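Let the hints inform the model, and build the full structure from the sequences given.
Protein chains: 4
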Amino acid sequence: MLGIADEEFIRGNVPMTKREIRILTIVKADIKRGDVVIDIGAGTGSLSIEAARIARQVFSIERNPEAIELIEQNAEKFNLNNIIIINAEAPNGLEAINKIDVVLIGGSGGKLKKILDTVDKRMKSGSRIVINCITIQTIVEALKYFNENKNYKYEAIQVQVNQLQHVGDFDMLKAANPICIITATKI
Amino acid sequence: MLGIADEEFIRGNVPMTKREIRILTIVKADIKRGDVVIDIGAGTGSLSIEAARIARQVFSIERNPEAIELIEQNAEKFNLNNIIIINAEAPNGLEAINKIDVVLIGGSGGKLKKILDTVDKRMKSGSRIVINCITIQTIVEALKYFNENKNYKYEAIQVQVNQLQHVGDFDMLKAANPICIITATKI
Amino acid sequence: MLGIADEEFIRGNVPMTKREIRILTIVKADIKRGDVVIDIGAGTGSLSIEAARIARQVFSIERNPEAIELIEQNAEKFNLNNIIIINAEAPNGLEAINKIDVVLIGGSGGKLKKILDTVDKRMKSGSRIVINCITIQTIVEALKYFNENKNYKYEAIQVQVNQLQHVGDFDMLKAANPICIITATKI
Amino acid sequence: MLGIADEEFIRGNVPMTKREIRILTIVKADIKRGDVVIDIGAGTGSLSIEAARIARQVFSIERNPEAIELIEQNAEKFNLNNIIIINAEAPNGLEAINKIDVVLIGGSGGKLKKILDTVDKRMKSGSRIVINCITIQTIVEALKYFNENKNYKYEAIQVQVNQLQHVGDFDMLKAANPICIITATKI
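In order, the protein sequences belong to chains A, B, C and D.
Each residue of the first sequence is one higher than the last, beginning at 1 in the working numbering.
Each residue of the second sequence is one higher than the last, beginning at 1 in the working numbering.
Each residue of the third sequence is one higher than the last, beginning at 1 in the working numbering.
Each residue of the fourth sequence is one higher than the last, beginning at 1 in the working numbering.
Because the hints were derived from the structure by calculation, they are not lab data.
Careful, some of the hints might be misleading.
[To be verified] Which chain B residues stay away from chain C? Per the calculated CB distances, all over 12 Å, these:
#1 Asp30
#2 Ile54
#3 Glu95
[Unchecked claim] Dumping the calculated BS3-like pairs for lysine-lysine here, alpha-carbon to alpha-carbon at most 25 Å:
#4 B:Lys186 <-> B:Lys150
#5 C:Lys153 <-> D:Lys150
#6 D:Lys186 <-> D:Lys144
#7 D:Lys121 <-> D:Lys77
#8 D:Lys174 <-> A:Lys111
#9 C:Lys144 <-> A:Lys144
#10 C:Lys174 <-> D:Lys174
#11 B:Lys114 <-> B:Lys144
[What the hints assert, rightly or not] Heads up, incomplete: computed chain D residues facing chain A, CB under 7 Å, no partners named:
#12 Ile134
#13 Asp171
#14 Asn177
In this text the structure is predicted, and so the values were computed from the model without any measurement.
A virtual CB, placed ideally from N, CA and C, is assigned to each residue, including glycine.
So this is what it looks like as structure tokens:
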């Protein structure tokens with residue numbers, strides 16, 4: 001059910017969360033059948049798709065028109081009709097959503113604190129936030145938020161996945177950029 | 001359902017697959033409701049436990065008496081009665097199992113080729129093998145097997161997870177040993 | 001000349017920069033025969049020792065009495081009489097030094113900006129600063145400084161070294177924590 | 001003296017050892033003023049160049065004509081006349097060299113054992129071999145050699161270097177493939 005191969009997504013030129021990171025993100029988000037999930041900076045929609053196969057409703061927030069089209073195409077390809085795409089730059093677009101169980105943040109456009117403040121008001125005890133950080137400034141800003149805001153317990157990991165590539169009779173390690181995954185649970 | 005916290009397992013001194021590796025292993029194994037899973041070198045049983053919450057039947061093969069006791073305790077703690085523990089050194093103990101959907105190999109005691117030959121006869125098209133390698137010799141031996149045996153397609157990754165640790169006002173990265181996860185599917 | 005084995009240093013319980021990181025740090029610092037080097041947060045003095053074998057003069061700044069004793073012992077062991085130990089918490093202790101060619105920062109005690117401001121006044125064009133960061137907050141603070149202060153060009157790497165350990169007939173990778181090395185050159 | 005920037009080398013399309021790996025390789029090789037160094041699979045000659053700035057004589061063995069031209073051009077650019085290029089596929093080309101202090105192996109073309117057997121006869125006690133492995137089969141083969149041949153003590157590390165890249169106001173980690181550096185000293 002979880003862990004769709006990268007090649008199965010319609011991609012274009014929009015960067016996509018790699019399979020292993022997607023798996024860890026979705027599992028750490030602990031998505032349940034009845035959950036409402038927000039995917040912020042949804043990109044190709046790969047996280048939205050994986051989430052929508054488990055959750056009741058997924059809202060994908062994305063500002064890039066090219067990416068929005070990819071999310072639509074992927075939702076259709078995977079036969080999912082529980083994804084609502086919001087064409088906005090978060091935190092815009094979040095006000096209309098009243099109750100959030102899970103927030104996935106793949107891109108925050110430099111507005112992480114505002115986004116966290118906005119979703120926090122819509123999250124009850126037990127709700128989860130999972131942030132995939134590719135910049136160290138985002139890591140530091142997110143950790144600062146969760147350290148100052150005592151309503152959360154959190155953990156964070158940096159993951160680096162090297163793919164073994166078979167070349168001739170040999171296998172070499174091909175690197176992918178490391179990602180930091182921060183998981184916070186509202187107390 | 002997937003991704004039990006490390007602390008929840010009863011452990012003792014037996015080494016245990018860390019949560020992120022466990023998550024990736026179980027997802028890559030693509031365990032389905034009706035599946036029969038073999039966990040070879042089961043250790044504390046952490047992979048067996050995660051597998052047994054999804055699969056129909058799990059056989060945990062383990063030679064170390066201390067580890068066997070931990071598997072029993074963990075199966076009880078997590079209320080799972082679909083785990084059968086086989087006190088043997090694989091490939092011993094595998095002959096009695098006729099049909100295998102998934103093989104998880106956490107430890108092979110230097111007998112990887114014999115183990116693969118034995119399980120291969122009991123696997124049909126579409127069955128999966130996931131090997132967690134901590135030594136480079138095991139990686140090379142496993143890749144050799146899957147390259148020579150044309151009945152499998154496979155992929156392999158090296159994963160390194162650094163935990164962010166909060167110390168005073170700072171967060172530092174605490175390393176864990178890298179693991180290689182090899183996933184092979186019988187054609 | 002460069003790259004003393006870790007075991008050769010007298011250590012005690014003070015954390016020590018590992019050999020590979022020490023090598024990269026000293027080479028990136030581009031220490032020359034006539035140079036004056038400041039080693040801030042000198043710890044066991046391992047960087048001071050390596051630097052003093054090349055440079056004209058090394059000032060080791062350290063606040064921990066146990067560490068100071070180790071620096072003294074190591075300077076004696078390696079027959080170096082061009083190391084002056086300053087028992088202070090940087091930026092204290094830096095005012096007396098007029099001309100600095102190289103600054104090595106292994107520990108900044110949360111006062112990185114003050115330290116950089118203080119050494120900057122004593123550095124001429126072409127002088128180098130190399131910072132070993134183990135916390136992500138220090139990385140972000142250092143990069144912020146070099147991005148805002150247009151008098152520097154810089155580069156930064158995260159290095160992770162896994163040691164291959166021979167166990168029985170096998171070799172496994174044993175991880176060490178990743179370190180970020182930031183190298184800045186005054187324009 | 002050591003640690004030439006990657007951009008300073010004339011490169012073409014031939015793969016080149018990255019600066020950090022080059023630094024660690026040369027330091028671990030412990031090259032001294034009077035040494036004779038063999039660089040096997042010399043590629044662009046970046047290791048040969050760094051070695052020739054310290055050693056008495058460097059022999060660069062390379063089979064690819066495009067690479068040989070690059071070595072010549074780089075030797076000229078860095079004003080080094082102590083590099084002799086041998087157009088051969090090692091172990092061919094090694095017979096003429098009687099006394100070897102340091103062997104650098106960047107590429108072995110699948111003939112590592114033969115190469116090691118050949119250089120071994122030309123190395124005296126205290127001589128060093130440093131192998132940069134990009135495939136896991138080469139790691140295993142090299143370790144097997146040094147474990148079976150009791151005339152060597154060795155150590156091995158896997159190094160992964162992520163470059164911090166400044167994009168907008170942010171810094172992200174850009175991965176390079178991990179390399180294994182094996183250092184063996186003849187007893």
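Mind listing which of the numbered hints don't hold for this structure, in increasing order? 5 and 7
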